[in-house]
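Make the full structure from the sequences, and use the hints.
Chains as they are written, first to last, in the working numbering: chain A, 1 to 249; chain B, 1 to 249; chain C, 1 to 249; chain D, 1 to 249; chain E, 1 to 249; chain F, 1 to 249; chain G, 1 to 249; chain H, 1 to 249.
Note that these hints are calculated values from the structure, not bench results.
Take these hints with a grain of salt, some might be off.
One side only, chain G facing chain E, incomplete, derived with CB under 7 Å [what the hints assert, rightly or not]:
id : residue
1  : P77
2  : G208
3  : A209
Cβ coordinates follow ideal geometry from the N, Cα and C atoms, glycine included.
Protein chains: 8
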Amino acid sequence: MNRDRILELLRSVERGDVDANDAFEKLAHYPFLDTPHARLDTHRGLRQGQAEVIFGPGKTVAQIVEIVAALATTGEPALVTRVEPDIADQVLAELPAGDYDAVARVLWYGPAEVSITGKGTIAVVTAGTADLPVAAEAAAVARRLGNKVELLQDVGVAGVHRLLASVELLRAARVLIVVAGMEGALPSVVGGLVDKPVIAVPTSVGYGASLGGLAALLGMLTSCASNVTVVNIDNGFGAANVASLINRL
Amino acid sequence: MNRDRILELLRSVERGDVDANDAFEKLAHYPFLDTPHARLDTHRGLRQGQAEVIFGPGKTVAQIVEIVAALATTGEPALVTRVEPDIADQVLAELPAGDYDAVARVLWYGPAEVSITGKGTIAVVTAGTADLPVAAEAAAVARRLGNKVELLQDVGVAGVHRLLASVELLRAARVLIVVAGMEGALPSVVGGLVDKPVIAVPTSVGYGASLGGLAALLGMLTSCASNVTVVNIDNGFGAANVASLINRL
Amino acid sequence: MNRDRILELLRSVERGDVDANDAFEKLAHYPFLDTPHARLDTHRGLRQGQAEVIFGPGKTVAQIVEIVAALATTGEPALVTRVEPDIADQVLAELPAGDYDAVARVLWYGPAEVSITGKGTIAVVTAGTADLPVAAEAAAVARRLGNKVELLQDVGVAGVHRLLASVELLRAARVLIVVAGMEGALPSVVGGLVDKPVIAVPTSVGYGASLGGLAALLGMLTSCASNVTVVNIDNGFGAANVASLINRL
Amino acid sequence: MNRDRILELLRSVERGDVDANDAFEKLAHYPFLDTPHARLDTHRGLRQGQAEVIFGPGKTVAQIVEIVAALATTGEPALVTRVEPDIADQVLAELPAGDYDAVARVLWYGPAEVSITGKGTIAVVTAGTADLPVAAEAAAVARRLGNKVELLQDVGVAGVHRLLASVELLRAARVLIVVAGMEGALPSVVGGLVDKPVIAVPTSVGYGASLGGLAALLGMLTSCASNVTVVNIDNGFGAANVASLINRL
Amino acid sequence: MNRDRILELLRSVERGDVDANDAFEKLAHYPFLDTPHARLDTHRGLRQGQAEVIFGPGKTVAQIVEIVAALATTGEPALVTRVEPDIADQVLAELPAGDYDAVARVLWYGPAEVSITGKGTIAVVTAGTADLPVAAEAAAVARRLGNKVELLQDVGVAGVHRLLASVELLRAARVLIVVAGMEGALPSVVGGLVDKPVIAVPTSVGYGASLGGLAALLGMLTSCASNVTVVNIDNGFGAANVASLINRL
Amino acid sequence: MNRDRILELLRSVERGDVDANDAFEKLAHYPFLDTPHARLDTHRGLRQGQAEVIFGPGKTVAQIVEIVAALATTGEPALVTRVEPDIADQVLAELPAGDYDAVARVLWYGPAEVSITGKGTIAVVTAGTADLPVAAEAAAVARRLGNKVELLQDVGVAGVHRLLASVELLRAARVLIVVAGMEGALPSVVGGLVDKPVIAVPTSVGYGASLGGLAALLGMLTSCASNVTVVNIDNGFGAANVASLINRL
Amino acid sequence: MNRDRILELLRSVERGDVDANDAFEKLAHYPFLDTPHARLDTHRGLRQGQAEVIFGPGKTVAQIVEIVAALATTGEPALVTRVEPDIADQVLAELPAGDYDAVARVLWYGPAEVSITGKGTIAVVTAGTADLPVAAEAAAVARRLGNKVELLQDVGVAGVHRLLASVELLRAARVLIVVAGMEGALPSVVGGLVDKPVIAVPTSVGYGASLGGLAALLGMLTSCASNVTVVNIDNGFGAANVASLINRL
Amino acid sequence: MNRDRILELLRSVERGDVDANDAFEKLAHYPFLDTPHARLDTHRGLRQGQAEVIFGPGKTVAQIVEIVAALATTGEPALVTRVEPDIADQVLAELPAGDYDAVARVLWYGPAEVSITGKGTIAVVTAGTADLPVAAEAAAVARRLGNKVELLQDVGVAGVHRLLASVELLRAARVLIVVAGMEGALPSVVGGLVDKPVIAVPTSVGYGASLGGLAALLGMLTSCASNVTVVNIDNGFGAANVASLINRL
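In structure tokens form, the structure reads like this:
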């Protein structure tokens with residue numbers, strides 16, 4: 001239950017459209033909602049203005065089903081990230097109303113068209129084919145959180161003319177998410193081309209000295225472009241969440 | 001020379017207040033301005049919307065003086081960061097118009113009162129006395145870039161009631177910078193209390209397993225609060241720069 | 001054979017209830033008991049006051065069966081940790097008297113109800129669903145060692161109000177075990193809320209910069225709460241063992 | 001102001017010995033006490049049952065003097081750790097009532113004889129001459145917190161007979177602090193000899209592969225003795241604080 | 001072909017027992033022997049005085065068979081290390097004259113009884129059941145290289161009395177190999193009990209902060225016992241080879 | 001003594017210009033030349049085609065003087081790298097014929113004008129003012145080894161238009177040396193702009209997550225441009241040496 | 001499409017052999033060629049003078065087929081690296097014109113005999129059987145890029161006489177690629193024997209302290225031979241690409 | 001007091017040369033000897049057969065003087081390692097009978113000529129001038145422990161012909177100590193040339209990727225020569241001690 005829905009509920013009571021008892025029932029789930037396996041922090045919607053996003057890894061099918069079903073009782077959409085195809089199949093067998101994006105590995109329970117509440121466009125820029133799953137996760141999450149998203153892919157620093165060909169698109173964005181593995185240099189170059197906040201996402205793509213994404217992570221943290229901040233390796237969701245918060249300011 | 005100053009210049013020409021030749025002279029410094037030791041990227045102001053900030057370490061007094069003087073010829077304010085007191089004294093002996101903040105180790109050449117162009121308040125939150133220099137740098141830079149800043153200091157996670165006593169202040173900010181060394185847990189707790197973007201700055205404060213700030217850095221990158229992004233260790237300037245960009249959206 | 005059982009044996013001899021020869025037979029297993037694969041340190045019970053706990057990983061089914069059976073001949077209960085379900089099934093097929101806890105992955109041979117010998121309550125606090133196996137191991141071991149245990153789960157630092165809602169429970173404990181992955185900040189916050197020893201258990205939950213639990217480990221070691229000590233990553237057993245020792249003081 | 005002092009104050013009011021207004025004055029410093037440079041968490045004494053200990057490094061002489069003086073107004077003793085001799089001299093020049101221990105690098109403002117409130121003895125065991133400063137810090141802090149302390153020094157694992165010669169002393173302790181650099185093996189050996197909690201303190205003593213204490217730290221975390229917990233490198237204070245908390249249970 | 005066999009050959013020629021042409025044929029394989037996949041350094045036997053030992057991992061069954069067969073043509077025994085059971089089965093199907101030790105994972109082609117050429121006993125000491133495969137490899141290799149070996153297992157530092165019970169055996173050895181995972185403290189304790197060279201073998205046994213054997217490795221390198229040298233993690237073969245060289249001095 | 005000088009010597013003998021005895025005297029210094037502190041590998045000139053370069057750090061003034069003087073007796077020029085100004089002053093006091101470059105920290109004993117033997121131009125490209133000393137070392141060494149050098153400085157990836165403005169210069173080079181600290185992204189961008197070998201030199205410039213140059217090093221090793229190879233951190237000399245070898249092919 | 005093919009095309013137009021319209025069609029693919037999954041940088045051929053090489057890992061069979069087919073439409077050969085046998089089988093089922101090298105794991109679409117355009121020989125030197133796949137990749141790529149290649153295998157530093165036996169072959173090469181795992185010492189020794197550029201390729205061969213190739217990587221970066229540069233772990237392709245560029249100078 | 005001196009003492013009693021009371025006085029110092037700052041393990045001489053060696057760093061002049069003086073009362077020679085010149089001067093001012101070796105940084109109190117008790121020669125081999133202090137320490141300690149020592153210096157792997165020129169000397173040694181920084185490859189090459197145990201000593205010589213000696217350490221641990229064992233970085237003393245133990249077998 002997010003801030004808007006709560007305000008809407010309270011205004012319905014104010015207008016006499018909703019009975020105080022019914023409103024109470026809905027709010028009674030707050031401040032948190034205990035399920036057998038998780039104490040859902042539904043107040044976070046209130047505190048942070050956005051819906052619950054469930055991190056899939058380490059959760060069983062049964063746990064995911066339980067959490068999604070519990071959120072459904074509050075009228076809340078649910079977004080489950082990092083869901084492998086076989087898990088998605090099993091969850092959808094139980095709760096068929098969902099929509100699964102196999103590239104982004106994201107499972108969505110909510111309206112097919114999310115209304116746009118972000119003020120501008122979020123650009124998601126990615127260096128190589130191999131980084132696509134993380135970029136796709138970022139794009140999918142940003143869209144589900146109510147933002148217009150432009151995805152610009154396969155524009156690496158070793159072919160800088162391809163990136164420069166898209167400079168208008170980059171400069172038109174209000175926030176940028178730049179996804180890169182290997183040496184992680186793309187956020188520095190993009191950061192130098194725009195005057196907006198750039199959120200860098202290192203990926204675990206690479207081998208040897210990429211150390212599972214650490215090389216890209218360190219490169220982004222030491223970027224010479226001063227409009228770059230960084231999230232954890234492969235954390236497309238986190239980048240999208242912050243970009244969405246910024247885009248609603 | 002930032003975007004506003006260039007637009008102002010062009011409008012002066014438009015209005016007939018400034019002669020095209022004079023305007024040309026001023027613009028001629030662009031796209032970059034060569035000094036003997038540095039090719040100043042004065043276009044960055046145009047591309048990124050903010051003035052040149054000079055990173056002090058590794059530069060000699062002569063180099064700092066040269067750069068500040070070059071910027072002065074374009075009418076640009078200059079902000080030099082990480083200036084130790086003895087260096088500041090020597091630069092001020094050459095260019096006495098500056099203002100030195102000894103806690104933030106920041107040297108400023110420009111108007112005493114910078115006009116506020118940011119839309120909201122930037123909160124700078126810090127865990128301990130030892131983190132103060134980094135927090136002070138972040139606050140000083142944010143102010144010089146035209147933002148209203150609130151500094152909340154010495155509110156560590158091991159005394160969480162102190163933090164909760166300031167929750168109104170935290171929630172009133174449009175962007176938050178959270179500075180912490182040791183285990184770097186403060187951004188997670190603050191991130192859970194607000195629905196705004198939080199920029200986490202790990203500091204090199206600590207000993208032993210803090211590994212010069214790496215423990216805090218890793219902690220912030222793996223934060224369970226999904227509204228947190230991270231900059232390099234001790235990078236108060238970078239955090240302030242991004243916060244300022246966000247605050248102008 | 002632990003200290004109590006030895007004392008009891010000696011007092012039985014003192015009272016004439018047990019024949020010296022029989023007592024000798026029992027004690028003859030000391031100071032250690034050789035099986036084909038392990039020289040069991042049964043004196044450790046005497047020296048450290050607690051029963052033998054067998055670390056499961058790296059041992060074959062045959063080795064576990066052999067050790068449990070050997071301990072059974074001394075009348076000693078046995079606790080085997082980190083036992084995967086398929087291993088447990090095979091051991092139970094040989095020695096059906098055991099009790100397997102699939103969440104905690106602990107296999108127990110001994111009385112169904114262990115008598116409470118600890119003086120107070122051990123609180124086991126955990127940040128997320130994914131940390132539950134480690135927390136469950138800690139709780140199961142602590143109970144089998146004779147302690148009253150309270151398990152408080154899913155109270156992360158990014159939703160600090162959930163933690164504060166349980167502050168009475170926390171402050172009522174005599175010792176606390178706090179289990180957390182990711183940034184490992186929970187022990188710092190809990191440590192600041194209580195005046196009792198806190199044993200922090202980092203978990204390998206997380207990805208990317210969590211480095212298999214190293215981020216949480218470093219965070220806990222550099223905790224700003226000075227009542228926190230740390231055990232190895234995922235070492236729920238070790239935390240429970242020390243908590244139990246403290247709780248018997 | 002610790003718990004005992006507050007209870008005592010309230011009982012004085014109860015008995016009519018102290019005027020409610022005066023008591024209020026004293027309590028008014030709570031829950032925290034702002035000085036220009038630090039918001040002292042004087043409630044921590046209430047929450048954690050022990051006095052404020054000030055971590056010296058990174059604080060100026062002026063800041064230390066200010067904090068000690070502020071605590072003095074509440075009648076609280078103050079213990080400052082990691083104070084180098086020249087800093088101590090300067091603080092003592094301002095506040096001459098203190099007592100400086102040059103080996104432990106600890107500065108104490110309080111009664112010469114602290115009354116013993118711990119229930120048993122804390123043994124502080126150390127491997128080599130070079131580890132002595134950390135062991136001395138642990139011993140000094142433990143004593144100032146009201147504990148009987150036995151210091152057993154220079155008993156390394158490569159001369160295990162020296163350690164065994166002191167096994168009675170080890171087994172007589174209620175809690176043990178074991179300080180070791182290099183390979184950090186001493187806590188494992190000591191842990192195997194006693195049935196009490198052992199707090200291991202790695203030191204930064206060593207060179208090369210000791211990696212500034214990391215080798216000892218990792219060794220202690222992976223100890224095969226299951227009654228060992230670990231604190232940060234060189235953190236004699238932290239070990240003493242936890243040992244004192246345990247000793248008061 | 002080792003030094004002894006070459007000398008023997010030359011003496012046979014000297015004595016007229018062997019025809020120079022035949023001797024030439026045998027020596028013609030030197031200085032190295034090319035097989036399709038490997039240039040065998042058969043001179044190493046001459047230079048280092050011991051037979052070729054083949055490191056199994058990364059080699060196909062075909063490659064192992066080829067190398068063993070090539071050595072067989074020179075009358076040389078062959079020892080293949082780190083051979084998993086399924087590989088061993090396949091090699092033995094091709095070359096059935098071998099002898100496979102499943103615990104040590106060593107495959108031997110040569111005489112059932114190797115004559116003892118080492119001057120004293122090599123003691124192989126190990127801390128836990130889990131370290132046994134590495135210790136068994138060390139013992140098997142040392143025996144095959146012509147040494148008398150004593151294997152002392154399951155004597156960890158946390159039960160130091162078990163180790164002390166075997167001190168005579170330890171002191172009777174001419175060289176010692178000490179195998180340990182976890183904190184790797186055993187070589188320090190053993191090193192302090194004897195006046196002979198101790199070769200420490202860290203194992204990858206452990207979890208979390210054991211970092212795949214790095215904790216034990218660092219611990220052994222920083223050992224306070226000055227008669228300890230170290231080989232690579234799990235390198236039972238290397239330890240045995242050096243011990244054998246020393247034992248032949 | 002390099003290959004050319006040796007050939008020249010032999011041809012002089014061939015032509016009768018030089019007496020065989022004298023030639024022998026000169027060659028007699030070969031294959032190496034013992035000084036009290038170093039066995040100079042003067043054959044390396046023969047084997048590798050270039051003069052001896054002396055790595056300054058860790059050598060005393062006396063040692064440097066001794067080596068330079070010994071080379072002088074063979075008619076060989078000498079290049080000493082990483083010479084701090086005070087050391088240079090002392091060496092020059094003894095051997096005044098040298099030429100010291102304070103930015104490159106290089107001391108040269110040889111002809112003022114080295115004849116150009118490299119076939120094309122070596123471009124030395126650098127990202128920031130702080131990287132200049134390493135770039136200057138590379139440029140100075142390359143020049144002294146007989147190459148035409150172009151130094152392009154202060155062209156970082158966050159201002160990619162500055163780099164593109166110099167693309168002709170980059171593409172005109174036969175070999176490129178790219179020097180960068182921080183995230184080390186410059187070689188990737190330069191590598192994508194040219195079809196020549198690029199030698200990347202990470203520098204130790206940066207702080208925090210730059211880890212003394214490791215971030216740049218890892219970034220360069222994982223570069224997505226496939227014409228990049230890497231040398232050690234700050235190793236301007238090594239890069240110049242390889243570039244010179246390539247430029248003579 | 002590489003530089004030669006473009007020049008040839010333009011000259012055909014010049015000579016009237018090709019119609020401008022047809023030429024335009026061919027060039028129209030430039031500067032890049034979008035396929036559904038990748039924006040192929042076919043200009044890189046123009047900028048860097050060599051054909052597109054596709055890095056196999058992380059790409060699906062469908063993606064590899066799509067890219068190879070797209071390149072085929074431009075008449076370009078394609079080289080796919082790191083292709084496991086099962087993937088190769090599937091790609092070849094779709095596009096049977098390819099040639100798969102199972103040791104080098106390289107899939108080639110192009111002429112069976114590539115014409116030699118490199119000026120000299122590239123020597124590929126390898127230390128052990130286990131390093132062969134990486135060395136084979138380097139050799140295969142270098143050959144496909146138009147170079148004469150000599151492969152010298154199984155010449156490790158611990159049998160230095162084997163290496164010296166091949167010194168003529170080494171010194172005859174124009175560029176050398178040296179592939180080594182474990183301690184990575186081979187490039188240093190080879191580097192000392194030749195006066196040509198040596199490209200060192202660390203491999204992930206080894207165990208324990210080899211840290212997945214990091215030990216070899218660090219060893220090569222700190223090589224005392226100053227003609228050595230380094231590429232990423234297992235990056236046989238990268239080494240071959242740079243060697244080929246050098247060999248065409 | 002070492003084993004020989006004790007045996008000699010006991011035999012003097014046996015022969016009647018020494019009074020039992022006097023002998024008792026001498027032995028009474030055993031098993032250890034307490035000084036105010038250190039419990040000297042004089043039994044170690046008995047257990048390990050060699051005299052006490054004092055590790056200098058971290059000890060004050062007063063402590064060194066005290067320990068040396070205490071040993072002197074037992075008639076024991078003393079060897080203090082890692083003594084910087086200024087410390088040596090101060091100790092010698094108090095105890096002038098010592099002999100200081102400034103290169104090896106070793107201070108010796110004992111007979112000028114130590115009688116040779118080792119059976120063969122210990123070769124100390126070193127790669128570069130910068131490694132000399134560690135090699136000199138190893139040589140000095142080995143000599144003081146009664147061994148014949150050959151020091152072969154400045155024979156690096158990049159000039160392998162220099163090493164081969166000394167192969168007779170290498171093969172004549174009974175034990176070898178090989179000291180190397182940078183990539184640490186020398187022990188592998190030396191190990192391949194001899195059939196004796198090689199003790200490798202990594203040094204902290206190098207910069208950048210040498211990581212303070214870690215690169216050399218890892219290289220030596222993963223050496224492909226199987227007669228190599230390793231000691232800690234810069235641990236010349238430890239290598240000499242083990243070599244001496246081996247040389248007395």
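Against the structure, the hints come out as follows:
1. P77: 30 Å, violated
2. G208: Since the shortest Cβ distance to chain E is 3 Å, the answer is holds.
3. A209: Holds. Min distance 5 Å.
In this structure, the one hint that does not hold is number 1.
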